[in-house]
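K.L.:
Spelled out, the chains give:
Protein chains: 2
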Amino acid sequence: MKDQTKKFLLTDKEIPSQWYNIVADMKNKPLPPLDPKTKKPVTLDQMSVIFAEELMKQEMNTTDRYIDIPDEVREMYKIYRGTPLVRAYGLEKALDTPAKIYFKNEGVSPAGSHKPNTAIPQAYYNAKQGIKHLTTETGGGQWGSAIALASQYFGLDLKVFMVKVSYNQKPYRKLMMNTWGAEVIPSPSMLTQAGRDILAHDPENSGSLGTAISEAVEMALQSPEDTKYCLGSVLNHTILHQTVIGIEAMQQMEMAGDEPDVVIGCFGGGSNFGGIAFPFLGKKLREGSKTRVVAIEPASCPKLTRGRFQYDFGDTAGFTPLIPMYTLGHDFQPADIHAGGLRYHGAGSIVSQLIKDGLVEAQSMPQLETFAAGIMFAKSEGIIPAPESTHAIAMAIREAQIAKEEGKERTILFNLSGHGMIDLYAYEQYLAGKLSNYDLPDEIIADSISKLEPIL
Amino acid sequence: MKDQTKKFLLTDKEIPSQWYNIVADMKNKPLPPLDPKTKKPVTLDQMSVIFAEELMKQEMNTTDRYIDIPDEVREMYKIYRGTPLVRAYGLEKALDTPAKIYFKNEGVSPAGSHKPNTAIPQAYYNAKQGIKHLTTETGGGQWGSAIALASQYFGLDLKVFMVKVSYNQKPYRKLMMNTWGAEVIPSPSMLTQAGRDILAHDPENSGSLGTAISEAVEMALQSPEDTKYCLGSVLNHTILHQTVIGIEAMQQMEMAGDEPDVVIGCFGGGSNFGGIAFPFLGKKLREGSKTRVVAIEPASCPKLTRGRFQYDFGDTAGFTPLIPMYTLGHDFQPADIHAGGLRYHGAGSIVSQLIKDGLVEAQSMPQLETFAAGIMFAKSEGIIPAPESTHAIAMAIREAQIAKEEGKERTILFNLSGHGMIDLYAYEQYLAGKLSNYDLPDEIIADSISKLEPIL
Numbered sequence: 037m038k039d040q041t042k043k044f045l046l047t048d049k050e051i052p053s054q055w056y057n058i059v060a061d062m063k064n065k066p067l068p069p070l071d072p073k074t075k076k077p078v079t080l081d082q083m084s085v086i087f088a089e090e091l092m093k094q095e096m097n098t099t100d101r102y103i104d105i106p107d108e109v110r111e112m113y114k115i116y117r118g119t120p121l122v123r124a125y126g127l128e129k130a131l132d133t134p135a136k137i138y139f140k141n142e143g144v145s146p147a148g149s150h151k152p153n154t155a156i157p158q159a160y161y162n163a164k165q166g167i168k169h170l171t172t173e174t175g176g177g178q179w180g181s182a183i184a185l186a187s188q189y190f191g192l193d194l195k196v197f198m199v200k201v202s203y204n205q206k207p208y209r210k211l212m213m214n215t216w217g218a219e220v221i222p223s224p225s226m227l228t229q230a231g232r233d234i235l236a237h238d239p240e241n242s243g244s245l246g247t248a249i250s251e252a253v254e255m256a257l258q259s260p261e262d263t264k265y266c267l268g269s270v271l272n273h274t275i276l277h278q279t280v281i282g283i284e285a286m287q288q289m290e291m292a293g294d295e296p297d298v299v300i301g302c303f304g305g306g307s308n309f310g311g312i313a314f315p316f317l318g319k320k321l322r323e324g325s326k327t328r329v330v331a332i333e334p335a336s337c338p339k340l341t342r343g344r345f346q347y348d349f350g351d352t353a354g355f356t357p358l359i360p361m362y363t364l365g366h367d368f369q370p371a372d373i374h375a376g377g378l379r380y381h382g383a384g385s386i387v388s389q390l391i392k393d394g395l396v397e398a399q400s401m402p403q404l405e406t407f408a409a410g411i412m413f414a415k416s417e418g419i420i421p422a423p424e425s426t427h428a429i430a431m432a433i434r435e436a437q438i439a440k441e442e443g444k445e446r447t448i449l450f451n452l453s454g455h456g457m458i459d460l461y462a463y464e465q466y467l468a469g470k471l472s473n474y475d476l477p478d479e480i481i482a483d484s485i486s487k488l489e490p491i492l
Numbered sequence: 037m038k039d040q041t042k043k044f045l046l047t048d049k050e051i052p053s054q055w056y057n058i059v060a061d062m063k064n065k066p067l068p069p070l071d072p073k074t075k076k077p078v079t080l081d082q083m084s085v086i087f088a089e090e091l092m093k094q095e096m097n098t099t100d101r102y103i104d105i106p107d108e109v110r111e112m113y114k115i116y117r118g119t120p121l122v123r124a125y126g127l128e129k130a131l132d133t134p135a136k137i138y139f140k141n142e143g144v145s146p147a148g149s150h151k152p153n154t155a156i157p158q159a160y161y162n163a164k165q166g167i168k169h170l171t172t173e174t175g176g177g178q179w180g181s182a183i184a185l186a187s188q189y190f191g192l193d194l195k196v197f198m199v200k201v202s203y204n205q206k207p208y209r210k211l212m213m214n215t216w217g218a219e220v221i222p223s224p225s226m227l228t229q230a231g232r233d234i235l236a237h238d239p240e241n242s243g244s245l246g247t248a249i250s251e252a253v254e255m256a257l258q259s260p261e262d263t264k265y266c267l268g269s270v271l272n273h274t275i276l277h278q279t280v281i282g283i284e285a286m287q288q289m290e291m292a293g294d295e296p297d298v299v300i301g302c303f304g305g306g307s308n309f310g311g312i313a314f315p316f317l318g319k320k321l322r323e324g325s326k327t328r329v330v331a332i333e334p335a336s337c338p339k340l341t342r343g344r345f346q347y348d349f350g351d352t353a354g355f356t357p358l359i360p361m362y363t364l365g366h367d368f369q370p371a372d373i374h375a376g377g378l379r380y381h382g383a384g385s386i387v388s389q390l391i392k393d394g395l396v397e398a399q400s401m402p403q404l405e406t407f408a409a410g411i412m413f414a415k416s417e418g419i420i421p422a423p424e425s426t427h428a429i430a431m432a433i434r435e436a437q438i439a440k441e442e443g444k445e446r447t448i449l450f451n452l453s454g455h456g457m458i459d460l461y462a463y464e465q466y467l468a469g470k471l472s473n474y475d476l477p478d479e480i481i482a483d484s485i486s487k488l489e490p491i492l
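Going down the list, the sequences are from chains A and U. According to the numbering used here, the first sequence is numbered sequentially starting from 37. According to the numbering used here, the second sequence is numbered sequentially starting from 37.
This is chain A alone, in the form it adopts within the complex (with noise of 0.2 angstroms):
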């Protein structure tokens, strides 16, 4: 025990030079994105006048199996890449289990969580192509923190819509967003035609994520010459980006002598799952391999699982065009749990592509569950995970379970989203007993699912 390696580092030299694309290696490629008044696929020049160029070419491309890192982003990922793969002997000693666990650390950016890894380049793509002044929304924050960070590097002015209710709840996220130059604006606002219609009808209007996208689109459209809008999930390019996290993690598992049999990742619009499985099950596509890959989702918002596959709009408002995705419909309301990052209707067209043809694997989680874990994760490794992350490591000890029912060794990897000192309230809550699961009855889905339009 007295060497043994827990943490695998890599230096700032073996940071990956390259994105893994995993629309190259798919045999069904995604559907394409719909204009939802023409219900053609969506143009090149249609999606630039909104989002930076250079994001929308890689947002469409679907044969280039490795694409570019630019050597400024490389320089900014330096600031916390590559994050560590650690060994989870204190989580394994808990369980009394023969499995191994391994986690990714994307907690130690500066932001607590992996979303600077799209960030940064969507920061510089749009800094190189002239672009002046960002616009988004966030709901819980970390999005919005993580683009005002990498904003703030490249020279980008940043205006954030955040949700009003989280803008209210959670002033750490808005004051670390403040600290890094962003002007964050509580939606909706008076700033839009869209945030004036609401309020003018509604005057105690909370927001939705819906409100903030339509609000922060609108602000960009009005000066679309210097004036794009960014978003933090759901998009090809925002989980190309993300790749990194899998690439780096499949160069340290070999440092580690272990190939995963499972890996696991949290599900909200999939570019932290899809950011660590994709490079595995590119590996298991082109060459074939053990390794099984585990989408997890909050049994309170259970598109992956008893969702359909269906066109449906990327926002509540019906602003974004028709994406094709496992879908719970978009004025789906999900439950107010505390992993905000999990709440959302969709999943991005590529995993719902793999998911619907049996190479992703998909399970929800109670809440309950999956604060016990973080938890024991807390006690056992000394780190207090985002609820977000709780997700992952709730799948890896019913994972690890297994394994000790079996008597068998297995491999287990999960990635470890966020850090949760942003979090503590919704632990303070857990910890006086006052969450609990939600219980989400079909007829609620069917519903929902019942008022799309029927593309597919």
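Be a bit skeptical, because a hint or two may be false.
Note that the list lumps identical chains together, so a pair holds whenever it fits in one copy or between two copies.
[What the hints assert, rightly or not] Derived DSS-like pairs: lysine-lysine, alpha-carbon spacing no greater than 27 angstroms straight-line:
1) 164 - 129
2) 200 - 470
3) 440 - 200
4) 76 - 444
5) 440 - 65
6) 49 - 415
The hints are simulated quantities; they were obtained by calculation from the structure and are not laboratory data. These figures come from a predicted structure and were not determined experimentally.
Given chain A, work out where chain U should sit, using these hints.
P.N.:
Frame of chain A, contents of chain U only:
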């Protein structure tokens, strides 16, 4: 620029196996602590009533240059150590300086600061001695959360007396301690005679570090057979444990091919400063070197630059032994600055002797300069620093500006003792223009010092 190394890393195997005891290399040893009643040096037996015995042996060890780090402590260090040594290219560029700036990032620990470096061995030695319960106090909460993390890991029950005003103002710190299983009690409390006496006279009393120490010590003395008290700074053994920072930094500076002209640490009780500086200073004492070591204190609590070298109590209430220290007097009330960890009236006995002998430099820094430095660092290096650590950054910037004026290279190393994620309110106050420097008239210091009993 493309392949320059920004972070210098150490593998688990390269984590130091010994701490460095600078007292062994000091020509003039620190004066001993005295029993306030007899004015004679306190004995190991006296100290071991309150503290674990092994810690007190370390406290009084003046001869062994190196002290072995137990395997169990190294195992837990692996959770976050070695910490990265980082070349601050971004800050250098922002300053347009010929200086090379390096920092050691202690903010990567699960508690967010350097405090676990001593919390872990303190919990370990107590557990090894068969102790079941620990008591301690905390002001801002950095120490309390670190010892909560370590206590839970080694199976110790922990009670933290938290200054009531901080308990109310810093809910996240309290929640962090709760999540790691500690009981947090606002002080003054009804659990101790010291607390009850204060509340009887003043039911609204908002507490002080002195009162919290009194309560924690009293609680430990109620059952000394299985309960001990522990302290996060000032005492020699806490600084001994922190030398793991500087020992690592020396290895990493060698990897970088550089030798620091100046090593900088912010200064509260001395453990973070001593931790990074003593290994470098020890080398200078033994072999000679060019390295200066500089302690930075807040201008509003200037014991090193404006205090008197004198025997004084470690706490406000006068419960501790008399310690030979640079002090402003134990009832000095520092202004309410946000670097709570630096609001302490005295310096530990080792640092005080080194200052007296001219081996350590000291400078003071006004609050506004520290926050300006913190913002510059957050912009250029991406990391939001703890308000305490901004003092070291501000001093590094001063040194880099001198290098620029002189047109000479200069190699600067400072300790980033913690991140500022839980201190964002301070940044909000600064950005809103609500913070100020505090003038501290000579008369106030003279008055406070005049109350000391002249033993030296």
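K.L.:
Look at each hint and say if it fits the structure.
P.N.:
Evaluation of the provided hints:
With identical chains, the CA atoms of residue 164 and residue 129 are at most 27 angstroms apart between copies only, with a shortest distance of 19 angstroms across copies and 49 angstroms within one. When the C-alpha separation of residue 200 and residue 470 is checked against a cutoff of 27 angstroms, the pair qualifies both within a copy, at 23 angstroms, and between copies, at 25 angstroms. For the homomeric pair residue 440 and residue 200, neither the shortest alpha-carbon distance inside one copy (46 angstroms) nor that between copies (46 angstroms) is at most 27 angstroms. In the homo-oligomer, the alpha carbons of residue 76 and residue 444 never lie at most 27 angstroms apart, since the shortest distance is 51 angstroms inside one protomer and 63 angstroms across protomers.
Proximity of residue 440 to residue 65 under the C-alpha cut-off of 27 angstroms is found in neither arrangement, the shortest distances being 38 angstroms within a copy and 56 angstroms between copies. Within a single copy, residue 49 and residue 415 get their C-alpha atoms only as close as 34 angstroms, which misses the 27 angstroms cut-off; across copies the closest is 24 angstroms, which meets it.
The structure fails to meet hints 3, 4 and 5 from the earlier list, while all remaining hints are met.
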